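Visitor: Residue numbers (this note's numbering), protein chains in the order written: chain A, 1453 to 1779; chain B, 4 to 491; chain C, 42 to 388.
In short, the hints are calculated from the structure, not lab data. Heads up, some of the hints might be wrong.
The list that follows gives simulated cross-link-like pairs (lysine-lysine, DSSO-like), each with its CA atoms no further than 30 Å apart [to be verified]: (1) 256(C) - 372(B); (2) 1774(A) - 85(C); (3) 286(C) - 381(B); (4) 75(B) - 256(C); (5) 1616(A) - 1770(A); (6) 381(B) - 364(B); (7) 1616(A) - 118(B); (8) 1577(A) - 1509(A); (9) 118(B) - 172(B); (10) 1640(A) - 1770(A); (11) 75(B) - 386(C); (12) 49(B) - 256(C); (13) 1774(A) - 75(B); (14) 356(B) - 439(B).
None of the values given here were measured: they were computed from a predicted structure.
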Amino acid sequence: MMGDISLPILIASVLAASAPLIIIALGETLTEKSGVINLSLEGVVLFSAMAAFVAAKVTDSLLLGFLAGGCAGMLTGIIVGYFSVYLHLSQVAVGFALSLLCRDLAYFLGNPYSRVPGPGLLTTKVPFHEALPSSLQIIFTQPLTVWFAILLIGALYYFFTFSKAGLNLRSVGENPEASFARGLNPSKIQMIAVLAGSFLVGIGGAAYSLSLKPGWGRPQGAEGIGWICLALVIFGGWNPCRVALGAMLFAFLQVSGIGLQDLFPGVPAQVFQTAPFPLMIFTLIFMHYSIRKNRTQGHTPNPLKQFVQNLLMARAPKALGKSYKQE
Amino acid sequence: MDVEFRHISKKFGSVTALTDINLTVRSGTIHGLIGENGAGKSTLMKILTGYQSKSDGTILIDGRETQLNTPKEAASSGIGMLYQEPMDFTPLTVLENFSLGNPGRDRSALRLSLKTLSSRFGFSLDPNRCVDSLTVGERQQIELLRLIHCKTGVLILDEPTTGISPAQKETLFPTLKQLAAEGITILLVSHKLEEVASLCSEVTVLRQGSVSHNASAPFHFAELLDAMFGSIPEQKDKDAPRATGAVSLQMENVVATGERLGLRHCNINCAEGEVIGLAGLDGAGQSTFLRLAAGLANPNRGRVKLFGEELLHNSHACRQAQRLQTSFIPANRLEEALFADLSLSDHFSLRDKQDSFWQAKKNRREQVKKAIRTFNIKGEACNVAGELSGGNQQRLLLALLEPDSRLLLLENPTRGLDIRSGQWVWNHLRRKLSQKTTILFSSPELDEILHFSDRILVFHDGEIVLDCSVSETSHGSIAAAMTGATPQ
Amino acid sequence: MKNKISALSIPRTTLDILLGTTLVVAFTALILLIADAPVLAAFKNICLGAFSSTSKVSQVLSVWVPLVLCSCGLLYSFRVHLWNIGIEGQIAMGAVAAMAALRIPGPHNPTFILTLAFFASMLGGALWGLLAGLLKTRGGVHEIFGGLGLNFVAQGFILWLIFGPWKRPGIASMSGTELLSFDLWLSTPTGWRVASIGLIIAVLVILLSWLILVKSRFGLKLTAIGQNPRAARLYSLMPERYYLKAIAIAGACAGLAGFLQVTGVYHRLIPSISSGYGYLALLVVMLAGYRIILLPFLALFFAALNVGAIQLPIVLQLDSSLSGVIQGCCVLSALFVLGIRQKRKQS
């Protein structure tokens, strides 16, 4: 029953489970904010998970493992970026084909390392562990990926809201022609965004095979995550905080699947995994109808209210998915 | 900063857009640039702002020859442009739009600069508001302040008073004068003669790609209009008017969006058999009018009636109009009316009302061959539409017209056609079609309008400012109405 | 997707195919080298695995049938430039609908029930496709995300059925529902793995699709709307209606594939009834340039890769997903070559 799982344990599990999702989804948010959609997430997550595990096992270094995962992600980002930004090919076509390629490549190259024990990231205690009440201690005993994910939320929020580079990136995603007129280089900015975003996706993939679901196999356990993160970016309205909240919501559904199963006997946990998608579809429909109505955006001087309003309104970067050609 | 154009010309393939433009704009003046559609104003400005390359000639800024190959180079030379359509980023805030592209990093310095500049010119802009909730005029203000902040020496304004309220105009004009007084060179591209007259000290008129006139204040409108539209041609023989009286198209209190200002207060009745010419500058509302009648656009308010039947206010209106034997030929033939990769016979297949399973019909070949012969289309049945020249595309579209159309809506029917093709088109329209067919056509050529219409509607900034029969008006008064000048 | 055939471009196209093939072979060889595997032996085993015996060839055909059905269906949706990623779900829901018909209680004439299931599967797939289409036309939801979402929903629905109302007596398990009674199995020739009816249906669908897409007015209308929806309105065509029709037809074809999977291959409903054939079909159609001429052959090639690669774990201790690597690589190199060619044309 739900009551058997104490609240601190639940929170701790949700945080742990949401860390990789947050990293991946935020990486994709970065890419999409610049106007490029990377449909290959599903395959890249698996590919980088495999690369990370193999690298960590071979070198016996978790750090190198994570870096390998990130680089594997970035490698796929080079392909997505080059095909989309410089060859002006359909982002959907490239992303989709790459997704299947990366997934199968992961299974193929990772085969010798299937079901083989390897290094795993252990939880670490925070410096002030002793000072916490015992019930909260478990929440703060998390693998480093959790702290990385939380820092990433803050970093991306700061990047988009306050930094100049973030502003430039957002402008490219909204109106590349106008950015070009202002002296920016949209192609370069998009390429950097794709590379950075896919690096993060790679780190997130590594977080699966080195931390959350250690090891490699076919299936690994991270199947379906890529698609879900694509949905999370939309559900989160391309806003880092909301995307992270969505990831945590999904992680909650995953974790409490066991508990929910008691409530709905006979329903396998996988059914709850489908939850992000109806949510995403409702978000899209809601966006569609709210844009259609003549809305005069209420301007409130209260910054908190403005933040909440921004949180609830969602709009895709206007140039998302379109390939920008310089005249 | 002084700007001088020397022997500037621009060719797009075989088409000449600009011929030997020589123009000097002195520092600290507001210099007007006027001309009718297609005169070359926007091409010239695109060259100045680095978007287009020039084919020949030099541009001198402050006496030095300057390369303007990219917008970035133009910006670093101090050239900035305020576009008709705001080139900004709608979900971002005022401050963010102001700061974008600025090499400076300090946010608070930018915020301060925005505040100082706003108050200096009497604008009230909230830095934290999202730009998409602002009016066009306010968005222009942000852009203007940004250009000033970036130390723009040459400011180009493209139709700046479109879509701004009279109150905002009251704020803008003194601002511009103030900027000129401070030494900024301003180039004002506009079709509104009255505004040009009140703001500018010098005016250059472009016509068909070359400078046709230069004038200094005070200006004589008749002189300017003459230079813009050419002298009054002799009246050739005209066909007798043929309106019958039965109503074909009605617009009741129509308000619609589209183009620059959409359409307002539109109340028009057209009779069967009338040939009506729609005159007006680009974007004044004629295209919206035609599309409303074709059912391609829906009015926000009011009703559009074809032969007494009201058009639906949804996407089915187009089909309904076609059922009511209304045909529309847009100006952008390839983009809006033809399929570039489908063959001529495919187009005829699509037109075929008969709903059979098969595409090919026994006499399709014959039908297409006959059409090619009759309409003199230079192409084969198997050629794709994208391979035809503009003139032949128009002939194809005319060939595809339903023979029993009762209402013909034509947007620039002779656009891109040489004289002979144009004459052929009109010959076909007036002679071959039934006397009862109502024809509405828009055209930038006043000669065409005067010669072929029974009745003329002149559009200006979304309203019909003149509605009279062709015998009651003249070249001069139409030209004046088009530019918003009060008729003499 | 345009494909203007002119005398000048044919030699270049052959060169492009050569370049593309070289890239694929080179990449696959590289991957095999990284995996420390014998390159030539791998290629040889794939070929043997697909063609070395009648049984193997028939297995290739049993993969070819659903693959080519889905690919033909996708031709309709691609004609109007829709990305029908929801095809996986459409296979699944077609299978569910077929199963529902097959589970109707009471003694029945097997042929009658099978025919009923046949039509039910087309209807099920079509309706699921229509759902994604309506989400697009009425709800403004891009068909990629609507389709993906519905894929997941269909997957969840099948799991619920298998573990719920349709579970095996005893313990519900991931191996699916109870086996269908023998008289509801589609007949296969002895020693063959593919139902003969399946082959006939596939060939009929290919021919019918060719007729419709190339020769019929409907196909012409679809082409026109895909090329220029704005202009299409001036010819009394309503693009939204045709989007829905196209995606429904794609769904119907996919549903048919589901029917054949249930009655001809697995003889029950399993969680992975669609077996990834939907996504693979998307690759096939992309590689075929969105035209029907090469489609059946490319589908055969992909099916052969799938079946051939099954040998790899047995003989060389390699994972069979090498086939997926080759397939994905084919599409990416085709795109690459296309992109390079377009770029060269521009400058």
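Visitor: Give a verdict on every hint.
Guide: Structure-based check of each hint:
1. 256(C) - 372(B): holds, 20 Å
2. 1774(A) - 85(C): Given that 30 Å is the threshold and the Cα spacing comes to 42 Å, the pair is violated.
3. 286(C) - 381(B): violated, 37 Å
4. 75(B) - 256(C): violated, 52 Å
5. 1616(A) - 1770(A): holds, 20 Å
6. 381(B) - 364(B): OK: residue 381(B) and residue 364(B) at ~23 Å, within 30 Å.
7. 1616(A) - 118(B): The hint holds at about 19 Å.
8. 1577(A) - 1509(A): holds, 24 Å
9. 118(B) - 172(B): holds, 20 Å
10. 1640(A) - 1770(A): It holds: about 18 Å lies between the C-alpha atoms, which stays within 30 Å.
11. 75(B) - 386(C): Distance of about 27 Å is within 30 Å: holds.
12. 49(B) - 256(C): violated, 47 Å
13. 1774(A) - 75(B): Holds - the C-alpha atoms of residue 75(B) and residue 1774(A) are around 23 Å apart, at most 30 Å.
14. 356(B) - 439(B): With a Cα-Cα distance of about 22 Å, the restraint between residue 356(B) and residue 439(B) holds, given a limit of 30 Å.
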